[in-house]
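Peer 1: Each chain is listed here by its residues.
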Amino acid sequence: MKRPSPAAMQRLAVSFMWLGTILTVGVLLFIVAYILTLGLPHVTWEFLSQGPRLMGREGGVFPMIVGTLWVAGLAVMIAAPVGVITAIYLTEYTLEGKLTAVIRFGADCLAGIPSIIFGLFGFVFFAITLGMGLSVLSGALTLAIMVLPTIIRTSEEAIRAVPRAYREAGYGLGATRWGVVTKVVLRSALPGIGTGVVLSIGRSISETAAVMLTAGSALRLPTSAFDSTRTLALHFYILAREGISMSKAYATASVLIVAILAINLFAYWVMQRFVAKVR
Amino acid sequence: MDAQNILGANPGPHASPHAAEAKVVVENFSASFGPVASLRNITLTVHPCERLAIIGPASSGKTTFLRSLNRLNDLEPAFRHTGRILLDGTDIYDRDADTPALRRRLGMVYATPTPLPWSIYENIVFGPRTAGVTGRRRLEDIVERALRGAFLWEEVKDRLKMSATDLSGGQQQRLCLARVLALEPELLLLDEPCSGLDPISTAKIEDAMAELKARYSIVLVTNNTKQAARASDRTAFFLMGELIEIGPTRQVFTNPVHGRTNDYITGNFG
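Residue numbers (our numbering), protein chains in the order written: chain V, 1 to 279; chain W, 1 to 270.
Hints are supplied without guarantee of correctness; some may be wrong.
Unchecked claim - Pair by pair, the computed Cβ-Cβ distance ranges are: (1) W/G89 <-> V/Y268: 52 to 62 Å; (2) V/G131 <-> W/E140: 12 to 22 Å; (3) V/Q50 <-> W/G132: 53 to 63 Å; (4) V/Y93 <-> W/G89: 27 to 37 Å; (5) V/M271 <-> W/R136: 28 to 38 Å; (6) W/R80 <-> V/A161: 24 to 34 Å; (7) V/E242 <-> W/T165: 52 to 62 Å; (8) V/T100 <-> W/P35: 22 to 32 Å; (9) V/Y268 <-> W/N28: 52 to 62 Å; (10) W/F33 <-> V/A161: 16 to 26 Å; (11) W/T134 <-> V/G97: 33 to 43 Å; (12) V/I103 <-> W/D207: 48 to 58 Å.
Said to hold, decoys possible - Here are the simulated DSS-like pairs of lysine-lysine, each with C-alpha atoms no more than 30 Å apart in a straight line: (13) W/K161 <-> V/K183; (14) V/K98 <-> V/K183; (15) V/K183 <-> W/K157; (16) W/K226 <-> W/K213; (17) W/K213 <-> W/K157.
It is worth saying that the hints were derived from the structure and are not from the lab.
Keep in mind the model is a prediction, meaning the values are calculated, not measured.
We put the CB at the ideal spot given by N, CA and C, even for glycine.
Generate the whole structure from the sequences, applying the supplied hints.
Peer 2: In structure tokens, the structure reads:
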């Protein structure tokens, strides 16, 4: 058999790359388009601003929007500072050794645990042992633990990527270690850290299993951190699984998808502006 | 007391240090980053308002010496040292020495320009702000004075908000010098400040050094023997971590005591 010419090989390789890319983008677009086509017609102002009636067969998802914001927002507000401080400790304040290896290994293991396990832990520990019950707080704390590894590792990478010369310049100008970390290193690492935080927001918003066991599935509007609530993702799951209303389920999913897209776009916009200002 | 020593007329390699007059006294200083010593038993003095050039081939310990003076080597966990370095008579490696304050007194400019990725203005006010200087007027004054001192003011005075990384290499290096001058240091430590620069930028930095000498002592590490000959009062020759010879620049270059110094400056090395 004759070997194909280099030019033919080249064309073949490029075609495969195209095929792969089209498949990836195609599947993504198909899912998003499918859900939005089925869901968006049912997303009305009423749907967004009213509470559900008849278990969600009628009415809207306003309490779920509020609940999602509460749970995900609180989770990231808890996880981000803890994660960033841990990352600073790992990169700037300790030497590489057994301890850092153990912490890093622990974080990686944590990242690989299925979310339902986090849910179970949160249920047993926060809801029962600490007596927080099924509540926004239990859900947020559980999600915080779940997204912590992501925040630690992305922050660590971002901090590590800051050139050594910046640190030396900072020290050379008489900054203390804390001064160099906060004013020089973090400032340069902020876009990278922000990416990790945005990923975590997305993961918190779309999490279902962990919040089902910790935040509960109450339909009413949560008014304090100790109220039970139902997030959008969980509401979608219940609507679809119990066959309550497929149109409402798709509408909920549409709201979720659009919200995540909007958060990502907003975050990129902020980051771009930030980078443009700094560079 | 000993006027000859202040002028650096005849301080041999092991001239007795006169703490009262010398800006910096280095006594039997050795340093290592692991099993191999990078500096061995260095003893020398830096006088007030002089330009001391340190020359020597690669890995002769020049940079390690310079970074020992402002304790930048402390950032390396493996760094160990013996001996003493006195600044105005006080041991800088003293247990309760204030390292950030020390680094403010010894302004360092690195071999590659290291502007922080901020505006020109922010690069210069970082040091003074860290030291506690506040007030817009005061900071603006500092910025102008520092940029003038580094011969950069005329080129950038209308665009202080511009990103420092958009400056040319030579301008970036003068910005780094200005950044250090903003702290009004007592000593300038220049680590091959012109290694990546074109002749015009080099000339500007050397001009700045000639003027700054009136107020600061300058320690200049350089790979460029011509620059050492042009822009220094005394020259020290380092080889394999040892101080081979130190003396007035003219003498070191025209009539060196050691054969190895002669080999190096005439280019007959190895």
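Peer 1: Indicate, hint by hint, whether the structure satisfies it.
Peer 2: Structure-based check of all given hints:
Roughly 57 Å separates the CB atoms of W/G89 and V/Y268, a value that falls within the hinted 52 to 62 Å. A C-beta distance of roughly 58 Å is found between V/G131 and W/E140, which places it outside the suggested range of 12 to 22 Å. V/Q50 and W/G132 have their C-beta atoms about 56 Å apart, which keeps the hinted 53 to 63 Å range intact. For the hinted restraint 27 to 37 Å between V/Y93 and W/G89, the CB-CB distance of approximately 33 Å keeps it satisfied.
Roughly 29 Å separates the CB atoms of V/M271 and W/R136, a value that falls within the hinted 28 to 38 Å. For W/R80 and V/A161, the Cβ-Cβ distance of about 30 Å falls inside the hinted range of 24 to 34 Å, so the restraint holds. Remark: the range hint 52 to 62 Å for V/E242 to W/T165 is upheld by a beta-carbon distance near 58 Å. Between V/T100 and W/P35, the C-beta spacing of about 24 Å keeps the proposed range 22 to 32 Å intact.
For the pair V/Y268 and W/N28, the beta carbons lie near 58 Å from each other, so the given range of 52 to 62 Å is met. Distance hint check for W/F33 and V/A161: the Cβ-Cβ separation is about 24 Å, which falls inside the suggested range of 16 to 26 Å. Range check, W/T134 to V/G97: about 40 Å between beta-carbon atoms, so the 33 to 43 Å window is met. Between V/I103 and W/D207 the C-beta distance comes to about 52 Å, which sits within the given range of 48 to 58 Å.
For the hint linking W/K161 to V/K183, the alpha-carbon distance of about 18 Å falls within 30 Å, and the restraint holds. The straight-line distance between the Cα atoms of V/K98 and V/K183 is roughly 29 Å, inside the 30 Å bound, and the hint therefore holds. Proposed proximity of V/K183 and W/K157 is supported: the alpha carbons are some 25 Å apart, at most 30 Å. The straight-line distance between the Cα atoms of W/K226 and W/K213 is roughly 19 Å, inside the 30 Å bound, and the hint therefore holds.
In summary, the hint linking W/K213 to W/K157 is supported, as the alpha carbons are separated by about 24 Å, within the 30 Å threshold.
Checked against the numbered hints given earlier, this structure breaks only hint 2.
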